[in-house]
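Assemble the whole structure, with the sequences as input and the hints as a guide.
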Amino acid sequence: MKMPDSVFSRMLLAWLPFMAYAGSGVSAWRLAAAVAGLYWLSLLFFWPLRRFFPEAGARQVFPFWLALWGQLLWGAAGLAPFWVLSVYLLFPSGVLNARKTTAIPKKQPGYFFGHLIAGAGFFVFAGALSSACALDPARGFVVTPAWIFLMMFVAVYLWNRPSVRSPRKDFGAAKKEASS
Amino acid sequence: MKKILPAVLRWCFLVVFLAGMVLLFLSARTLTENPGVAVKVRKVFYR
Chain A
12 MKMPDSVFSR
22 MLLAWLPFMA
32 YAGSGVSAWR
42 LAAAVAGLYW
52 LSLLFFWPLR
62 RFFPEAGARQ
72 VFPFWLALWG
82 QLLWGAAGLA
92 PFWVLSVYLL
102 FPSGVLNARK
112 TTAIPKKQPG
122 YFFGHLIAGA
132 GFFVFAGALS
142 SACALDPARG
152 FVVTPAWIFL
162 MMFVAVYLWN
172 RPSVRSPRKD
182 FGAAKKEASS
Chain B
523 MKKILPAVLR
533 WCFLVVFLAG
543 MVLLFLSART
553 LTENPGVAVK
563 VRKVFYR
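Top to bottom, those sequences are chains A and B. If you number the first sequence the way the numbering used here does, the last residue is 191 and the count never jumps. If you number the second sequence the way the numbering used here does, the last residue is 569 and the count never jumps.
Only true hints are included.
Here are the simulated EDC-like pairs of lysine to aspartate or glutamate, each with C-alpha atoms no more than 20 Å apart in a straight line:
#: 1; chain 1: B; residue 1: K565; chain 2: B; residue 2: E555
#: 2; chain 1: B; residue 1: K524; chain 2: A; residue 2: E66
#: 3; chain 1: B; residue 1: K525; chain 2: A; residue 2: E66
Looking from chain A toward chain B, a few residues come up when the C-beta cut is under 7 Å (computed):
#: 4; residue: G36
#: 5; residue: V37
#: 6; residue: S38
#: 7; residue: R41
#: 8; residue: F63
#: 9; residue: G68
#: 10; residue: L79
#: 11; residue: L83
#: 12; residue: A87
#: 13; residue: A88
#: 14; residue: L90
None of these hints come from the bench; they were simulated from the model. Quick caveat: nothing in here was measured; it's all calculated off a predicted structure. Every residue, glycine too, gets a C-beta built ideally from N, C-alpha and C.
Put into structure tokens, the structure is as follows:
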């Protein structure tokens, strides 16, 4: 299965397991912080060590690593381990490819930093979206699936609306249309 | 020999990594079996 490379697609996919915690008393902001924390820890661990694993070894070990963390918080806090799925879906697949240099462009110094920033982005996105989902005015703070999907639609619409795009790109498109 | 040695070292690293994870799991489990610790960790996630 090919996972999407776009950060927003990964964040939206990674937020889906949060639906399982709706109405369970789990604080979405704290859970998002735990997801971002484990994401950063995994990135800092697997990025420098990926070359030391056997061929495709890091890719096989990664789910085991996540299962360990899921089990630890299941045992310690009674927290259902859906949240590790968020880390799995948020994690960029190129990091686990040890010797495929095409997946990790060496000449881009901001590549690793960009992945780190994605963790902070997910924390804000997941926290804000879960807070919005918990505030259903029609049902008096009772979470309904229709409201959750409406909030997801609003998030996707806000991300993809045309005015957010770079004006230079729009200008280029308009210029092409004018010239043709 | 030059080709075999890195492969053997990589497999050794994998075994050490897996053993470390099992040790981490066992030590954390004994810690969280303590009811005081479990209550504190639970309070972090639940409102």
